[in-house]
Amino acid sequence: MLKQTTAVTLLNLRSIPQRWGMSLATVLSIALVVGVLLGFMAMASGFRATVDGAGSDDVAIMLRGGAMAEMNSNVSRDDVRLVEIAPGIAMGDDGEPLISSELYVVADGIKRTTQTRANLALRGLGRHGPALRPQFDMLEGRMFEPGTAELVVGESVLREFDGFELGQSIRLGSNEWTVVGVFSTGGSVFDSEIWADLGVIQNLYDRGSSVQTIRARLTSPEAIEALSEYVENEPRLNLEVLSERAYFARSAGGTTNLIMFLGWPLAFAMAIGALAGAWNAMYASVDARTRELATLRAIGFGGFPAFFAAITEALVLAFAGGLVGAVATYLLFDGVSASTLGSGFTQVVFAFAVTPDAVVQGVILALIVGFLGGFIPAIRAARIPLLAVHND
Amino acid sequence: MNDATLIRKNLFRKRLRAILLMVSILVAFLIFGVLGALQNAFTAGTGTAAQERLVTVNRINFTVALPYAYWGRIQQVEGVRNAAPASWFGGYYQEPQNFVQSFAVDPETYLEAYPNEIVLPPEERAAWLEGRTCAIVGRALATQYGWSTGDRIPLMSNIWQNTDGSQAWELDICGVFDDTEGTYPTNYLMLHYEYFNESLAFGRDSFHWITINTTDPALNDQVSQEIDALFANSSAETSTTTEAAFNEAFMEQFGNIGLILTWVIGAAFATILMIVGTTMVMAVNERTREIAVLKTLGFTAPRIFRMVLWESLLLSFLGGLIGLGLASLAAAAASGALAGFLPSFGLSLTNVVTALVLMAALGIVTGLLPAYNAMQVRISEALGKI
Amino acid sequence: MTDASALYQLKGLSKRYTRGKETVAIFDGLDMTISQGDFIAIMGPSGSGKTTLLNLLGGIDKPSSGEVVFEGQRIDNLSQGRLAKWRAKNAGFIFQFYNLMPTLSAAQNVELPLLLTSLSGKARKERVKTALDIVGMVDRAGHRPGQLSGGQQQRVAIARAIVADPKVLLADEPTGDLDRTTADEILQTLQLLNKELGKTIIMVTHDPEAASYAARELHLNKGRFEEKGKA
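Protein chains in written order, with the working numbering: chain D, 1 to 392; chain A, 1 to 386; chain C, 1 to 231.
Don't read these hints as lab results, they were simulated from the structure.
There may be inaccurate statements among the hints.
[As the list claims (entries may be wrong)] Computed cross-link-like contacts, BS3-like style, restricted to lysine-lysine with a CA-CA straight-line distance of at most 25 Å:
| hint | chain 1 | residue 1 | chain 2 | residue 2 |
| --- | --- | --- | --- | --- |
| 1 | C | 85 | C | 21 |
| 2 | A | 9 | C | 122 |
| 3 | A | 9 | C | 129 |
| 4 | C | 11 | C | 122 |
| 5 | C | 222 | C | 195 |
| 6 | C | 85 | C | 167 |
| 7 | C | 122 | C | 85 |
| 8 | A | 9 | C | 125 |
| 9 | C | 85 | C | 62 |
[To be verified] Examples of chain A residues toward chain D, derived with CB under 7 Å:
| hint | residue |
| --- | --- |
| 10 | 7 |
| 11 | 8 |
| 12 | 151 |
| 13 | 155 |
| 14 | 158 |
| 15 | 268 |
| 16 | 270 |
| 17 | 279 |
Note that CB positions come from ideal geometry on N, CA and C, so glycine has one too.
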């Protein structure tokens, strides 16, 4: 039985080049299905990695109640003072609480690819600001001097937007700034931002002493409970306390869900189209070999080898299609930098990420298409009547 | 019986194969239709009127406010017929998740600026202009939250604070507006700027944008330059563009949605082109003998060419029209569910025409080679003996 | 010179094929006259060019040189399009393997040649019925070829050949795939068409019994005819 099956399967696979037109169409159509799926998944996982990477569990972010996003929040100097004495917040080496009051405004940048204007986040932060970003690293230059019109830019901003090279002076709104440093936060959403001194931003943008958010380093992820309790019980405070991870998950969820809600149904619909193609190709394959299969039956081969051979052919074509799709998507899209509007009307720069997990899912989808497309033709192959020997 | 009978019988000779091909074509046009509807939703509101209206925003960014005094000064600019100021309200209803697109506007000038987008019965219009706490809501939004004229609702803002310390503004719904052609979104709410402004805890006397109608669209360039020159070197410089350009620039910030959709549709069509193309070639090859018989009977080569081409066109249109039909059903179903979020989710005439052109193109492209092959069939070779 | 009663005149007909580098002549300088109302059986060994001759008479193939004259008109130099029209009007074909369209009913198969005429749908239906009546297949009009026996299929094929009322019927081994009894029935039908309706019939066969139904037997051998008289 095993010998029979191997023999028929090999015979079958060797005949694929004789039907190269249909076979190639099947491989390529499955490749396109997998390509579309992986393209969307790469977009979603790239975006998610960027935004999730920004949030840590031991950093708390406080916004005005109901504000939902930093952009809409407003926190007064008095609120900041009350938070400074809150429990659960870690102390720096200097004995001061690790807190950063922050305010960001929107500035225009020119996208390198399209030469169109897009919104960038210009964030004013306090002394402890960088320390609250876990993977903060100064790649080039130095930090801005407090009280001066100096900027440091995230590496993604440098990559995607014009005019932010080190040492450049740049006009944002009605103010001249000088770029004195380039930083990285390990590919997180902060790499899409421009940072400057909080006091300077408050001053230039007429914000008085108010800020939008307070970030605080917690003594441990669990300490957020103590902080929340303190804020809730302090009648002078109307703040929402969230871990930074929860905050970013909330703001990224919409976009990644949108991408996936679009990606899977599209890939699924295309898979149905490709399924029809695979089915046709396999029917053609079985039809073309009707006489050969009947002859094999006549000399004593069973029906199962014919079934197995046909389904193997379908799976081989599908697998080839899946691999072609995955490799093409990887070569075309992996690491491609893109940017979209994140929460708060500013650009988030992210890189398409074709993950091994997604590739596996893509190849599985391809094999499912191959199996379903090959199943019924394979049953037909197993049931070819002996009399078909006489067909011409 | 006529040629059409022959074409139909040939197409459905192997019924399963024909159905499978039709399903794959159907899927491609379903994708085309749904994504087209999606794109319409994203680009809604960029009609011809938007090409003629101007929008002035803060040069830094449209989220940054402009001083109240700019309104008066812009009205003085020569060529400006109407100037309508507005502010983001950032509204939500009851829960922060229940986002309500809402603006604080000057009613009279705003209605003047958007005659086709906002259509109100005369008595509701009068009520809105009169009542300080009055607001009007679009049909889609009213349906979403079950609001009707006469309701009093507290609308929360996630941007602003009321002088009473809350973030709520009490609003009376004085009217529900439609749009003239069913082509503009009606998923937003408008309240009186004056009522909003006087109870602001911070950020009083400012606008986010001013919509401008000029006396003649030909003056647009000149007017926008003049306005921007007026405020150059001030603390709040302006940027004035057509509303269409402004919307487009805003949409572009999401990334190149159009490009992504084009890629996906392209992939879907490449798939069916290959599948249908190779299958048609195969199907016609299988019929070589019959084609030879038809030729023997006296059917001319051009007639046979046409019959094969019509066969692939019939296939393409059958699959395509069903797919497009399903897409419009899907769009109709989705537009109900997404009314508040993505208005104008539906197929436009352009989509339908494009789809028909694509069906014809697909039919011709997949039919040409097999039709040519059929035309070239040589009777004596195909039949061996007659 | 043309003979008024002659349906076909073949003048110096040659047909050569190139097989590889070699040129093979099937026949060279064939002359022949076929009169209106003839029933001719063309016999000969395989490869003698019987089918090629029938192809030339039917306007399916073109001679290498020489003329095929039909009712005083040369048909060998007509364009493919004109030849198609000529075939539709003048020739009816009967094949060894019937060559009916598997997707069409018997009646629809018979109706096919009428699609090339300007007859109305109603007129076509009547003609189809008459043709099926002649071959005795009216009661099977709605059947598909797959539901008919070989003899029945050949009857439908004959009905298809005569439905447009052509001047000549060209048959290539019409009984080659049938048993003796059925073959005799088919041949009787052809004889009837010749005698009663005056159809000119040219039939290629290798079966002497089939040939015996014809009025004339021509033996094609090495590109030459040898006529055998008949009683």
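Comparing the hints with the structure gives:
no.	hint	verdict
1	C:85 to C:21	violated (35 Å)
2	A:9 to C:122	holds (21 Å)
3	A:9 to C:129	holds (22 Å)
4	C:11 to C:122	violated (42 Å)
5	C:222 to C:195	violated (32 Å)
6	C:85 to C:167	holds (14 Å)
7	C:122 to C:85	holds (23 Å)
8	A:9 to C:125	holds (19 Å)
9	C:85 to C:62	holds (16 Å)
10	7	violated (20 Å)
11	8	violated (20 Å)
12	151	violated (22 Å)
13	155	violated (12 Å)
14	158	holds (5 Å)
15	268	holds (6 Å)
16	270	holds (6 Å)
17	279	holds (5 Å)
Violated hints for the displayed structure, listed by number in ascending order: 1, 4, 5, 10, 11, 12, 13.
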